[in-house]
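Line order of the protein sequences matches chains A and B. Residue numbers for the first sequence follow numbering that gives the first Met the number 0, beginning at 0 and rising by one. Residue numbers for the second sequence follow numbering that gives the first Met the number 0, beginning at 0 and rising by one.
No wet-lab data here; the hints were simulated from the structure. For each residue, glycine too, the CB sits at the ideal point set by N, CA and C. Among the clues, some could well be false.
[Said to hold, decoys possible] One-sided and incomplete, this derived list gives chain B residues near chain A with beta-carbon spacing under 8 angstroms: (1) T4; (2) T12; (3) G62; (4) H101; (5) C132; (6) L161; (7) Q192.
[Unchecked claim] Each pair of labels, with its calculated beta carbon distance range: (8) B:R64 to A:G54: 36 to 42 angstroms; (9) A:G54 to B:D175: 51 to 57 angstroms; (10) A:G49 to B:G62: 51 to 57 angstroms; (11) A:Y43 to B:A118: 38 to 44 angstroms; (12) B:T209 to A:E65: 43 to 49 angstroms; (13) A:E56 to B:R6: 15 to 21 angstroms.
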Amino acid sequence: MHEASIAQGVIDEICRLRAEGVWRGRLVRAHLRVGKLTAVVPDYLAFCFGAMVEGSELAGVALTWEDVPVRGRCLDCGETSEFTTVGFLCMTCGSPQVEITQGRELLIDSLEVDEDVP
Amino acid sequence: MSPETTRKVGVVTNILAANERVADENRRVFARYGLCVINLISSPGAGKTTLLEKTLPALAAKGIRAAVIVGDIATTRDADRLAVHGVPVVQIMTEAFGGSCHLEASTIRMGMEQIDLYALDLLFVENIGNLVCPAEFDLGERAKVALLSVTEGEDKPLKYPLAFQVSNLVLVTKVDLVPHLDFDLESLSANLQAVNPRLARLDLSARRGTGLDAWLAWLDAQIAASRG
Numbered sequence: 000m001h002e003a004s005i006a007q008g009v010i011d012e013i014c015r016l017r018a019e020g021v022w023r024g025r026l027v028r029a030h031l032r033v034g035k036l037t038a039v040v041p042d043y044l045a046f047c048f049g050a051m052v053e054g055s056e057l058a059g060v061a062l063t064w065e066d067v068p069v070r071g072r073c074l075d076c077g078e079t080s081e082f083t084t085v086g087f088l089c090m091t092c093g094s095p096q097v098e099i100t101q102g103r104e105l106l107i108d109s110l111e112v113d114e115d116v117p
Numbered sequence: 000m001s002p003e004t005t006r007k008v009g010v011v012t013n014i015l016a017a018n019e020r021v022a023d024e025n026r027r028v029f030a031r032y033g034l035c036v037i038n039l040i041s042s043p044g045a046g047k048t049t050l051l052e053k054t055l056p057a058l059a060a061k062g063i064r065a066a067v068i069v070g071d072i073a074t075t076r077d078a079d080r081l082a083v084h085g086v087p088v089v090q091i092m093t094e095a096f097g098g099s100c101h102l103e104a105s106t107i108r109m110g111m112e113q114i115d116l117y118a119l120d121l122l123f124v125e126n127i128g129n130l131v132c133p134a135e136f137d138l139g140e141r142a143k144v145a146l147l148s149v150t151e152g153e154d155k156p157l158k159y160p161l162a163f164q165v166s167n168l169v170l171v172t173k174v175d176l177v178p179h180l181d182f183d184l185e186s187l188s189a190n191l192q193a194v195n196p197r198l199a200r201l202d203l204s205a206r207r208g209t210g211l212d213a214w215l216a217w218l219d220a221q222i223a224a225s226r227g
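Extracted from the complex, chain B is given alone in its bound form (with noise of 0.2 angstroms):
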């Protein structure tokens, strides 16, 4: 075919427009139940799981009706580790081998129509365990939390810096482990300022119960700024 006869058609089109469509959609469904999403990311292994074992228990105590989405590729070990605490938890994506390494819009709403969302005052999605992909789909969430365990390294902001740009709270977590570790806090601090100077911190240690009356109270702001 000669080039003359093909025409050039500018169009500037959002590759993820269709996700995107979906999570606007899923923004105004939170929007009407005046639900406050948080979304978890993660590497595999950073203590999301852990995390949310501590921190259920003690938003049931304050009142606070949570429910999870569990993104695994293979296993419902974590949807059953979390189910344990008498909160609805819904397990997307299982494949026996291991599939996909995000979560998109559509696997959110896929979720959503499972849990009676009235009946709710927050909803985590726990991410897959991955920093890479899940930093690119929203999925109509209010936040996006990092968590970065001190096992992982301080240099993994540079390295995957985009999880760190598009967060706005990290935790770095297993912070009962800093004395057993070369792992520097402030070379980690002078990492995360480098990629991203507005992201919020707050360290802790889920199993020591360190730092989580402020993780706690951070929500209890992202709830509250949700119920408009």
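So that you can see chain A by itself, here it is in the shape it has in the complex (with noise of 0.2 angstroms):
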């Protein structure tokens, strides 16, 4: 599983973000908005992230996140469909001329930050 790869890139844009200004302080916690049809299971990513940033600085932060559900726009009928399963027909008019607008998010959403740490 990749989830290294992406509790990785959680703490590159974290560093990132830091660097660029965008928040200050000491970090409490990351949110997450992860969508239904990445192939990125929540749970293991949070649990590298624990893992890799144990004795650093980001030593503590809680990851947290909200499932993105899978949403698609009918090219037939233009009607949206939610899709809770895979097998992506138009809930409207059956067509599976689906194209999929939603659910492939893998985004920090916000950070909690304490501004009166240094």
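Assembling the complex is the task here: the two chains are given apart, and the hints tell you how they should meet.
Right, here's the structure in full:
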């Protein structure tokens, strides 16, 4: 599994955002948005993240996430469907011509920081 | 610590941004050389190396200059099999007991540095055998090609939807074995359609040579488009 690579991506982005002055102080929490159509298991990702930041200045940072459901827009009837299982047929007209519009997100949504700590 | 002292900073940044930056750089390099790059993704044993063993001589006969970047977590067996065809083969990431599960844009970048890109029309990336992880990582390639061998079962598109969602072409391999299996080609069609109706598909048997002409024609079109 590649969750360690993704966890490294989270760490890299957190550090880049700090270098760019987006946040300062002590990071308490990083909140992610993880699409259901990504090949990522958030629990594994959190485990990898915790292990990788141990002993660093990011030790103890909470990694939380929300799932982003899979949605697609039908190219035939224009309606949007939300999919909970694989098989992306339009739920309005049954067409297979569905363009996935949501569910591939792999984002850091927000950071919770304590700015009183230098 | 009391929650009042903390502040929420909205960032909305892509976790794979670092990989995608390198993938974009790779794409620019490939465009500069007019080089067509094809990323082959499949389960272990679907026939990526065998397909290349049949494809490379056919390309050479047509005057197409190809090279291969092979990702393998252990052994140089695939690279050794391909090297006899006289094309540049770069093996990246060899770990005695297995390492990573996918190739990233930065590993492709290291591989690229070992090849004379000017002398090439087509670069294959033989990804690590795995239908999950490689699907998530953009390498800067022109197209992803998923291989699905008939011995794996027709349900694989449903089990590994992302690989078939992000691919531009699926090659159904080892079709010479269909008469010996319970494999249901119609059910495979329905499963592929359910996951990605726009996915192009070619059926082939590298061993028998069935479908290779259509595959070579598909590659020709990709090469022509890459030249711009």
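Hint check results:
| no. | hint | in the structure |
| --- | --- | --- |
| 1 | T4 | 5 angstroms, holds |
| 2 | T12 | 5 angstroms, holds |
| 3 | G62 | 38 angstroms, violated |
| 4 | H101 | 5 angstroms, holds |
| 5 | C132 | 4 angstroms, holds |
| 6 | L161 | 5 angstroms, holds |
| 7 | Q192 | 5 angstroms, holds |
| 8 | B:R64 to A:G54: 36 to 42 angstroms | 49 angstroms, violated |
| 9 | A:G54 to B:D175: 51 to 57 angstroms | 55 angstroms, holds |
| 10 | A:G49 to B:G62: 51 to 57 angstroms | 54 angstroms, holds |
| 11 | A:Y43 to B:A118: 38 to 44 angstroms | 42 angstroms, holds |
| 12 | B:T209 to A:E65: 43 to 49 angstroms | 48 angstroms, holds |
| 13 | A:E56 to B:R6: 15 to 21 angstroms | 18 angstroms, holds |
Checked against the numbered hints above, the structure breaks hints 3, 8 and satisfies the rest.
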